[in-house]
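Protein chains in written order, with the working numbering: chain L, 1 to 338; chain D, 1 to 338; chain G, 1 to 338; chain H, 1 to 338.
FYI, nobody ran anything at the bench for these hints, they're computed from the structure. Possibly wrong hints are sitting among the right ones.
[To be verified] Some chain G residues well away from chain D (every beta-carbon gap over 10 Å; in silico):
(1) A85
(2) K98
(3) G200
(4) D241
(5) A268
(6) G270
(7) R275
(8) I300
(9) D311
(10) R313
(11) R327
[Stated by the list, open to error] Simulated restraints on C-beta separations:
(12) D/I163 x L/G146: 18 to 24 Å
(13) G/A115 x L/L40: 25 to 31 Å
(14) L/K329 x D/I163: 48 to 54 Å
(15) L/G208 x D/K329: 49 to 55 Å
Where a beta carbon is used, it is the ideal one built from N, C-alpha and C, also for glycine.
Protein chains: 4
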Amino acid sequence: MTTAVNVGLIGAGRIGRVHAENLAYRIPEVNLVAVADVFLEAAQKCAADFGIPTVTQNPEDIFRDESIDAVIICSSTDTHARFIADAARAGKHIFCEKPIALDLPTIDEALQAVAQNGVKLQLGFNRRFDPNFKAARDMVVEGKIGDPHIVHIISRDPAPPPIEYIKVSGGIFLDQTIHDFDMARFLIGSEVEEVYAIGGVRVDPAIGEAGDIDTAVITLRYENGVIGTIDNSRQAVYGYDQRVEVFGSKGAVVVGNRTPHTAVYSSAEGVQSARPLYFFLERYMDAYLAEMRAFVDCIINDTEPPVTDIDGRIPVVMGLAAWKSYREKRPVRLAEIG
Amino acid sequence: MTTAVNVGLIGAGRIGRVHAENLAYRIPEVNLVAVADVFLEAAQKCAADFGIPTVTQNPEDIFRDESIDAVIICSSTDTHARFIADAARAGKHIFCEKPIALDLPTIDEALQAVAQNGVKLQLGFNRRFDPNFKAARDMVVEGKIGDPHIVHIISRDPAPPPIEYIKVSGGIFLDQTIHDFDMARFLIGSEVEEVYAIGGVRVDPAIGEAGDIDTAVITLRYENGVIGTIDNSRQAVYGYDQRVEVFGSKGAVVVGNRTPHTAVYSSAEGVQSARPLYFFLERYMDAYLAEMRAFVDCIINDTEPPVTDIDGRIPVVMGLAAWKSYREKRPVRLAEIG
Amino acid sequence: MTTAVNVGLIGAGRIGRVHAENLAYRIPEVNLVAVADVFLEAAQKCAADFGIPTVTQNPEDIFRDESIDAVIICSSTDTHARFIADAARAGKHIFCEKPIALDLPTIDEALQAVAQNGVKLQLGFNRRFDPNFKAARDMVVEGKIGDPHIVHIISRDPAPPPIEYIKVSGGIFLDQTIHDFDMARFLIGSEVEEVYAIGGVRVDPAIGEAGDIDTAVITLRYENGVIGTIDNSRQAVYGYDQRVEVFGSKGAVVVGNRTPHTAVYSSAEGVQSARPLYFFLERYMDAYLAEMRAFVDCIINDTEPPVTDIDGRIPVVMGLAAWKSYREKRPVRLAEIG
Amino acid sequence: MTTAVNVGLIGAGRIGRVHAENLAYRIPEVNLVAVADVFLEAAQKCAADFGIPTVTQNPEDIFRDESIDAVIICSSTDTHARFIADAARAGKHIFCEKPIALDLPTIDEALQAVAQNGVKLQLGFNRRFDPNFKAARDMVVEGKIGDPHIVHIISRDPAPPPIEYIKVSGGIFLDQTIHDFDMARFLIGSEVEEVYAIGGVRVDPAIGEAGDIDTAVITLRYENGVIGTIDNSRQAVYGYDQRVEVFGSKGAVVVGNRTPHTAVYSSAEGVQSARPLYFFLERYMDAYLAEMRAFVDCIINDTEPPVTDIDGRIPVVMGLAAWKSYREKRPVRLAEIG
């Protein structure tokens, strides 16, 4: 491809704007030519801020535009599958935020449309592109860990989302843990065959009243014998706590948090250092850019997207299995879910 | 008590010699007056090295000696319960290495003898006295963590013990994890009601042939709602890996390893620091002294030993529950064990 | 000011392009309207990459353009003073890379032009805007250190610049240390009254043949009694080593390096973590953006630039004093230089 | 030598008791047979605590005792040289705390007596035996640093000593820095040829009234071209701050402090870790044992003590040169002192 990739953005909310800024300013091979949002004002502000020529309330305008090569889907989760299918049928390559949907038939229908139309689909599992986690994955791939035996993922939010959001989120396992399920697959490069989830409401009773939990530990049994744990909380008062560890026959890699600065203060009271970066947008800014670069590269070079297809389906299966395990208080095999 | 505490040592092996050195040189309130070992030479060498006047092959000689106030039991595990009972009936205070026994009826019999004779019993869960873990426990007690939500214990040996030892050890959950079960109770100050254990043979097939596993992750559900995990391996090639983390409503405490030195070397190849102390005797030397001081103090001041009674029983219940969970592939309540 | 600030860029080399990217994409209040470079191709490429409408080989075109409010001077050091004076006489606000010049009369002439024309001048001492060093400075200002007693600055490059550059650079004290002289003033907020410099050629004999040294330690005596040291090397094989420490009556702050990732690898060989970011553009990317934002803010709000005037002169005085000290092997007071 | 080394202790104060405990309990090849102190009660208490058979007020009793092979001199500094000479003439091997004396003629007389009588002399520069600093020295020796270019020593006490002590101490450079002068020689393995000292009274005016200073930075120029700095303060409110760094052509080694525990606490207020060990007896306990083992080994094996002779003289020369430099405000060559 000798010309630039023309991209349309669907959804101009918080994460949509992150992608818009990266596409507009940091990926020269891209023209960000259109933005759609049901809230027209949001689309207009996004267009003004990042110099996007076409603004619309209707994603169909983007799908219909033959000059557009690819779409970035950042609208609300319940629209993901439909827009994927529409975009696929319109022959657009697709970058879509996670999850595709909260149920498997809907996901499968969307994936089928992608397959039938031969377009590329990349899922927004941004953490794979975080340089810290990527360094751990690289060490596993290079054999520095030897045979992996145990993996731990700690993934704690600084504060819970609004209750209204929680109600439609699919619950902690499909909303928060889904990123960690992807990380679990990414770090080890093997599939999980069984999950065991326990948890409870420890942070805010309103989360319980909304039918969700806010604290959980999920144990994973991989097909290749690796054992994993995921530690989730909706509230770490000291900030966004995102760490992983992989232990194996030749060693271990431990990935810590990032901090806003490296100043360490010693006084009569103790030795104090900076808290982790508080928010996912701070922690993962590099990752958002890197995933978008990867998406554009795979369009330009006609290669396979690094996170695609079953990568969008399996974490949902894992989330459904985790809910079943939590409710039935027993380990649940992914094969029970489908 | 105005005079010194007279102590007899039973078992002059590796750990017996650690206690002997501490008793002989670092706890002035104690006279180490006798040592017994079935291997007379070991007892003799111990006596010579640490200036112990009386040497015997027969622990009965120690139990019968009316001048002796307390005994330290460091003989092989299968003799612990019997020697506890004998010592109790002889009116001696007792410090005994873990575990009391590998089955509950034997333990209960020993504990009954202790109760009936009104002697003090302290179990050798030395890690409670490690200044690093103690700092974490202190923070929990002081309320700095708020309500604890999640606890993680990582406990990996540098290399597996001999296969002959493994065969009589009760297996990983009763031999290695038993320390971590105690740590789990110590850190949180609440009892565990259910365990779920998965694991496998990843380090050495010979361990599997001996009927044991060498890699395990145990999930704990506490009565107070806390969730815990224990990560065990018989072989961390980089050294003795002993870390804990407690996370709660007001913060988290993470306890790292100790290293032989603090020198950090930066070169074109990377930034290199020291591996953890390789061996439990290096890591826990302070803890062995502190636990022995605590035992002597509770004799002198006639107070309750800090690790006693059910502290010796419950970790065995947890170990048996972990084995049942591992074999039946389901969470097991401690109440199922007894 | 209700409209955007129109900015012209003079010099489209490495650092000029850094500023261009920040001005074009990350500071919405700015229009980057023109770029000049003696190498027309460099200017043209810069214009194409960052969407700059006007390109010229002649900075005069920018000074003459009445629509331009401010200039960014990134041309070679020997042109700085002249362009500052020209821009000042044209009524443009000025951001200029360090140093203004290598001799004081030239600097004074440029500063006089700035003062006479009432324009703002900000010097490119970017490290003041580094979040790590800024955290240390903030602690000093907040009184967390108490009365500062001692300050240390470690500032080692990953590799020496080309010999041709070294020959015209003014030597290590005016080229490399000048940043550290600024940091010394910034961290403590007091002036230095005397310097003592020792050093030598340890990295590359060619540097010595060019009349320069490549390794130096400078001791600083401040007016307020603080003592400082600066450690400079042209080659730290492990990367760009940029640390500071301030020690005082109430405590100390130590600022470490930044690393590309937080993964720590433990193996039988040791515990390995990432080297510092290798290059100043990686380490100080945030700082370059922050200093440019500060410059634009002070234009918009008509406030004093945070690094101005004597901040451009004093480090050159310190550099000249350091050379005198090095050559005469004795402490030299700044008052001896002028 | 097939029999044990018989040792007499002169001086039963704080440091004398440290050596007594090590000799009595941790070095089996030694019999600690006698203790002398001008304060008879101190000697008696020491004897009782560590099982020393002979107690005296008069060191002559120890020198005269033909069964005694070696003496440990821990009396006040003004007696060191005399006792060294007396012990040497009595044919005893000598371990003596630093410094030998505060003036060179007295030192030289003592060293002459040692040389004439062929006894071994080891000086109590305990920090050479600290495992942390030793790791740095080992890396230098192994060539991991390449050619050393720069060395930094930070050595700050937690609190100043009593004014009465300061008055007879020889001042900061002969009392506190003397350890760092030894460390400077130890780390690099080359002699210093020139020192430049600046400093002041920042901690306590009473120290100034006693004729001393409490804050100092000393720059060192080594014969082999290495440049060094020493940072001294009588008061680091956060504890005993003892760090070193060696930088060279192949890399750098940085040695940090030791802490009482590794627990790191994260809360909404920040991330807090333990302060350095507060006191030299805590930090250097291992080093005191190791230096005494080394002394005993060199007696048993008839080898050269690791810190001897000129190692006791040169740091005093450096201290005198530092005072001269401080007073004359110029770099002073050691050759000016003698």
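Hint check:
no. : hint                        : in the structure
1   : A85                         : 44 Å, holds
2   : K98                         : 28 Å, holds
3   : G200                        : 22 Å, holds
4   : D241                        : 8 Å, violated
5   : A268                        : 5 Å, violated
6   : G270                        : 5 Å, violated
7   : R275                        : 6 Å, violated
8   : I300                        : 41 Å, holds
9   : D311                        : 32 Å, holds
10  : R313                        : 36 Å, holds
11  : R327                        : 32 Å, holds
12  : D/I163 x L/G146: 18 to 24 Å : 22 Å, holds
13  : G/A115 x L/L40: 25 to 31 Å  : 51 Å, violated
14  : L/K329 x D/I163: 48 to 54 Å : 37 Å, violated
15  : L/G208 x D/K329: 49 to 55 Å : 29 Å, violated
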